[in-house]
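J.: Chain by chain, the residues:
4 protein chains.
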Amino acid sequence: MDHGTPGYHDDKKQVLARLRRVEGQVRGLQRLIEEDTYCIDVLTQVAAVSKALQGVGLLLLDEHLRHCVAGAAASGDGDRTDALVHEATKAVERMLRA
Amino acid sequence: MDHGTPGYHDDKKQVLARLRRVEGQVRGLQRLIEEDTYCIDVLTQVAAVSKALQGVGLLLLDEHLRHCVAGAAASGDGDRTDALVHEATKAVERMLRA
Amino acid sequence: MDHGTPGYHDDKKQVLARLRRVEGQVRGLQRLIEEDTYCIDVLTQVAAVSKALQGVGLLLLDEHLRHCVAGAAASGDGDRTDALVHEATKAVERMLRA
Amino acid sequence: MDHGTPGYHDDKKQVLARLRRVEGQVRGLQRLIEEDTYCIDVLTQVAAVSKALQGVGLLLLDEHLRHCVAGAAASGDGDRTDALVHEATKAVERMLRA
Numbered sequence: 009m010d011h012g013t014p015g016y017h018d019d020k021k022q023v024l025a026r027l028r029r030v031e032g033q034v035r036g037l038q039r040l041i042e043e044d045t046y047c048i049d050v051l052t053q054v055a056a057v058s059k060a061l062q063g064v065g066l067l068l069l070d071e072h073l074r075h076c077v078a079g080a081a082a083s084g085d086g087d088r089t090d091a092l093v094h095e096a097t098k099a100v101e102r103m104l105r106a
Numbered sequence: 009m010d011h012g013t014p015g016y017h018d019d020k021k022q023v024l025a026r027l028r029r030v031e032g033q034v035r036g037l038q039r040l041i042e043e044d045t046y047c048i049d050v051l052t053q054v055a056a057v058s059k060a061l062q063g064v065g066l067l068l069l070d071e072h073l074r075h076c077v078a079g080a081a082a083s084g085d086g087d088r089t090d091a092l093v094h095e096a097t098k099a100v101e102r103m104l105r106a
Numbered sequence: 009m010d011h012g013t014p015g016y017h018d019d020k021k022q023v024l025a026r027l028r029r030v031e032g033q034v035r036g037l038q039r040l041i042e043e044d045t046y047c048i049d050v051l052t053q054v055a056a057v058s059k060a061l062q063g064v065g066l067l068l069l070d071e072h073l074r075h076c077v078a079g080a081a082a083s084g085d086g087d088r089t090d091a092l093v094h095e096a097t098k099a100v101e102r103m104l105r106a
Numbered sequence: 009m010d011h012g013t014p015g016y017h018d019d020k021k022q023v024l025a026r027l028r029r030v031e032g033q034v035r036g037l038q039r040l041i042e043e044d045t046y047c048i049d050v051l052t053q054v055a056a057v058s059k060a061l062q063g064v065g066l067l068l069l070d071e072h073l074r075h076c077v078a079g080a081a082a083s084g085d086g087d088r089t090d091a092l093v094h095e096a097t098k099a100v101e102r103m104l105r106a
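Residue numbers (the numbering used here), protein chains in the order written: chain A, 9 to 106; chain B, 9 to 106; chain C, 9 to 106; chain D, 9 to 106.
The following block holds chain A by itself, in its conformation from the complex (with noise of 0.2 Å):
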């Protein structure tokens, strides 16, 4: 399939500061285990990171749910329609399972 114009393409300057967020919180990890921080608070500062990059997870899904296959619905491409929802739900099981 061509994809064209990725979903986020209006928010792309949202995503790319939320990920930098995130490679910071994992440098502050780093720093955290540098100064032998203990365990426990560590792994909480490993959930809170988890969750900000499930966050930008969940806001590529959207955009791509709001972009990409409501753009196919709205063309009346049932076949592409159908392709994408398939491809979007497997791509939720695997943040699931992540």
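Please note that a few of the clues may not be correct.
Because identical chains share one entry, a pair is satisfied inside a single copy or across any pair of copies.
What the hints assert, rightly or not - Computed cross-link-like contacts, BS3-like style, restricted to lysine-lysine with a CA-CA straight-line distance of at most 25 Å: (1) Lys59 <-> Lys98; (2) Lys59 <-> Lys20; (3) Lys20 <-> Lys98.
Derived by calculation from the structure, the hints in this document are not laboratory data. Owing to the predicted nature of the structure, the values given are computational and were not obtained by experimental measurement.
Based on the hints, put chains B, C and D in the right spot on chain A.
T.: Just chains B, C and D now, kept in the frame of chain A:
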């Protein structure tokens, strides 16, 4: 919003069969506890039941995107499509946090 | 390994009561499907049942760490403790991936 | 509570190496966005990074149980062991909800 026929309408029998299987698995968990099964073996089975339940959730999500969300988009109702996408993303978020 | 009394032994009644509640919730899901409940409302309830089931898993994990793992450590059997910790971490991994 | 040496102390280098790899993966995600990569391919990679991060969490949890929790139990301090187990279960709960 009026929701009309649910997206899983044509798969009702399959969804119900899977939920009955999950119900049987939950009863199986009770038997394991009654028989003093080793903790880790019970936990392995808890994870299997969770996975089966998430599988039903993924099927419902797929049908919802395929019929309700794509249907709204195909009908050209952009506001309704946007509202349904937002709602679907929130549902995925609840699945991730569960 | 011989496992003896499971870690949840003293909480058996509570574990069973929670599993019976989960079983009732799964039957409730079947009713929602039979009554053609809106997809998203069913998904919200699927997430609630998943959370309740994970709660039982967390209770079992807690009791396992408290009695079986800590018990092995208190008895001074380092090899057994190591094996039990490895096994517990693997169980948590399966819960995360479910 | 005084926590002393963290459980991951002997694996610090490995934990740091894995976190640096996660940091690189998060930068890789930013490149994917900048290059307008297809939404689903980005989501697949988000799930992979989440999994890598959870893997670090599982390693930290394993070391914590192995050294801190088992250490408290081996020292015969029941109250401290109970407190550490409770805290560890809460940490697992946060990982599950992340």
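J.: Hint by hint, note whether the structure agrees.
T.: Now for the hints, and whether the structure bears them out:
1. Lys59 <-> Lys98: both (20 Å within a copy, 14 Å between copies)
2. Lys59 <-> Lys20: Both. Shortest intra-copy (20 Å) and inter-copy (24 Å) distances satisfy the 25 Å Cα cut-off.
3. Lys20 <-> Lys98: For Lys20 and Lys98, the Cα distance is within 25 Å both inside one copy (23 Å) and across copies (21 Å).
Violation of the numbered hints given earlier is absent; every hint is satisfied by the structure.
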